[in-house]
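K.L.:
Protein chains in written order, with the working numbering: chain X, 1 to 218; chain L, 1001 to 1661.
I should point out that these hints are in silico values taken from the structure, not numbers from a laboratory. Some clues are possibly wrong.
Just the calculated beta-carbon pair ranges, DEER-fashion [claimed, not checked]:
(1) L1159(L) <-> A68(X): 47 to 53 Å
(2) L121(X) <-> I1637(L): 33 to 39 Å
(3) A68(X) <-> G1640(L): 36 to 42 Å
(4) A1634(L) <-> A105(X): 33 to 39 Å
(5) Y1648(L) <-> R202(X): 34 to 40 Å
(6) A61(X) <-> Q1166(L): 26 to 32 Å
(7) R1635(L) <-> G79(X): 37 to 43 Å
(8) V72(X) <-> L1159(L): 51 to 57 Å
(9) G182(X) <-> R1661(L): 27 to 33 Å
Just so you know, even glycine gets a beta-carbon here, dropped at the ideal spot from N, CA and C.
Chain by chain, the residues run as shown.
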Amino acid sequence: MSGLDDGLLDLASVAVLALGVAALWRRDVRALIGLLRAQGVALALVASVEALAGHDVALGATAALVLAVKAVAVPWVLGRVAASDPGAREGAPLINVPSSLVLAAALVGLAVVVGAPLARLSSGHAAALAPLGLATVLVGYLVLVTRRRPLSQIVGLLIIDNGVALVTFLLTSGVPLVIELGGSLDVLLVVVVSTTLVGAMRARIGAEELDELEGLRD
Amino acid sequence: MDLLLAGFGTGLAAIVGGACAPRRARVVVAGTLSALAAFLVGVAGVRVLAGGAAVHGSFSGVLPFTTVRLRLDALGASFISTVALVVAAASLFSIGYSRGPSASRTAVALQSLFALALLVVPAAGDVTTFLTSWETMALTSLALLLVDHDRPAARAAALWYAAMTQAGAAAITLGLLVTSGRAHSSSLFAPASSHLGAGALGAVAFCLTAAGFASKAGAVPLHVWLPRAHPEAATPVSAMMSGAMTALGLYGLARVDLGLLGGLARGWWIGLLVVGALSALFGALHAVTSTDLKRLLAYSTIDVMGVGLTALGAAGALHSLRGAAATLVVGVLVLVAAHGAFKALLFLAAGLVERASGTRDLDLLGGLAGGMGRTTALVAVAVASAVGVPLGAGFVGEWLVVEGLVGALGRSGAGGVVIALVALVAIALTSGLTAVAMVKLLGIGFLGRPRGDGARDAREHLGITTFSLGLLAVATVALGTVPGPVVAALARAAGVALGTPAGAPGGSLDTVSLGAVATALRPLALVTGAAVATAVVVVLARFGSRTVRSAIAWACGRADLDPRMQYTATSFAEPLQRVFADVLRPDVDLVVSHEEESREIERVLAYQSRVDDAVERGVFRPLVRAVDAVGRRARWIASGSVHRHLAYGFAVLLVVLVVVR
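Hey, can you work out the whole structure from these sequences and the hints?
P.N.:
The following block contains the structure:
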């Protein structure tokens, strides 16, 4: 792996994490979807750099698949739901933006500390970046926990999935194509089902935020 | 092995038949195939018992992640033969009996699966196979309870049963894990010199497995599910539950605790003995006071299984006395076989009575001998066996148990004598109470005059149902009159459980002889003697007195006897209920309503007594309330907020990350 490849890999991996953190900062739902699209591109970049460096055709196909699903299909589905409710903005999140950014910093630190054994699993440069994937997972979880709108929560879930994918690409140079295919289709299915659910929630109960569902208990 | 596999294959075919056959043929197909499966497996068991070598085989690919190992030795064969008899009879019975919800596709397939699981358990050769079949047996019987889920009583019974059976299965799993972890082997067949029971871990394994198996056998205080579940299940299912499934609890104790956990401290076995004695007394007392036909039978199951537990506990405690221990174990095996036959018969007959008369309340029955003569005769055979009078199958088992204990009296130290005496006294009292309960069942339920319209109009229909009852009755009578060969075969099974065949009782066609003591049982001689005596009496009566005067028996000079003048089940049990009031704590209501004109004249006296299960009231109700209270308090944890639930997950993830690092 050449120096240029290493640099590209660094850049793309950090981009995945940075875009995840940015999702904590933006409130506009459409901006969140844009971030997700960019994250998908960065993830595909990670996979393709590794494919080029290792001359691995299957990994190249996986990169194309990631690009198609995570950068095109999923944002498109989400975008359709967002379009039906233009100008949707996240109300006040459960934790305000500066605090959540500080928390995200703490989570990244935690990920680097607890992810050290992950980095030692394999010797290459790519493995050393694996804690970034773990950090992305944690940040995605934070988005999931602190956001009120269902669509933002789906975005959080997808950031978690992107983090997991990042770890697998960095550690094992990608999983077999079949598994990646299955995983991606699962993600797509989850997104379709949840967006349908969001639509049904809006139509049936008129609820815009998940907290409004609390009254349905019992 | 081929025979065994053919049987299991037929059992699978029965399940498929029950699930796929069209509505009309479903019950017939599944019942026939199940009975055939039981027959094949039973023949395989009898062949092993009769002196054939233990059969075994292992099959990979049947269950995921594990290999199925089957192994049938003499001990397993002794239980599998009993189970096969009960399953065959109950399956044949269901052909003529099942209708309504219990003839639905699910119910018929589940019943076949339950029958198959019962047949597999004694043939399981390693821990995973055993636990899989055990759990299948527990879950299918639970599902079968829920077949009739429209009735609240069935739902409540299922809830109790689910909690108890799953707790028991968990305990057995843990105990077997401990055992096989120590043995470095998952086999259920340890070498004779195993010391797996030694030390604290051995005691833990014993407590866990014994609690699990004893709860299946209805040991107090883990019995609460049994008197609820057995009466609520469909009749063929309750016969299988009572005749076969409870026996498998004793099988587990004999196989795992007696066979595998060698070197266990004696105190644990004495504990089992005490539990068994208490169960026997408790079951017999409740059987005496029950007025519900099936509930009486369920409590009587607790009673017989309690005697079995007592004998097994004594066998474990007196393990060093070869002859006594072997006699006790053979006694338990005979008792299990006898109980399987007569209890299945009684449960099936109870089902017929309930269908014919519309009630199971003994207070409203009576006089069934008129309309249901053959059923009554068959029930009388079973009752004779249950009471433990000579020539009944139950007698042979109890005689062997008592002889084993008496044999231990003369040959052991002070500790052994006390153990044997306690067990003897408990068994003696239990036998007396059982006799009362069984006399009540036959005398109040079937003889006398009808006390209700249902009982008056009850008629029996001859067919496959009566045939299956007859099958069980023949088995009972055969075991009672020709027990010698059976005892000789079961002695080998006891040798497997105890690790050595030394000192076991033997038997020939007409004699059962004890190895240690010069005592023998000659039932055939008794039969001949009784036949001769009867003939003599008949001849004398015919020729001695010419004048025959007919009058109503026991009429005290009155000719206008009224059904209301008879004993009812409640009044028959009342004296004993009064004697044991401190234990039973009955709720007695006496409502007196007066004539309007005068307070002195009583118009109606309504006496009602209900005996609740004291253990359930004293132990389990408070436990359930406490768990319920904790659950209510803990509701704030699940507030319904999505974010809170997500935050729980997030927090746990962070904690795990930090801790695991």
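K.L.:
Sort out which numbered hints this structure fails and list those numbers smallest first.
P.N.:
Violated: hints 5, 6.
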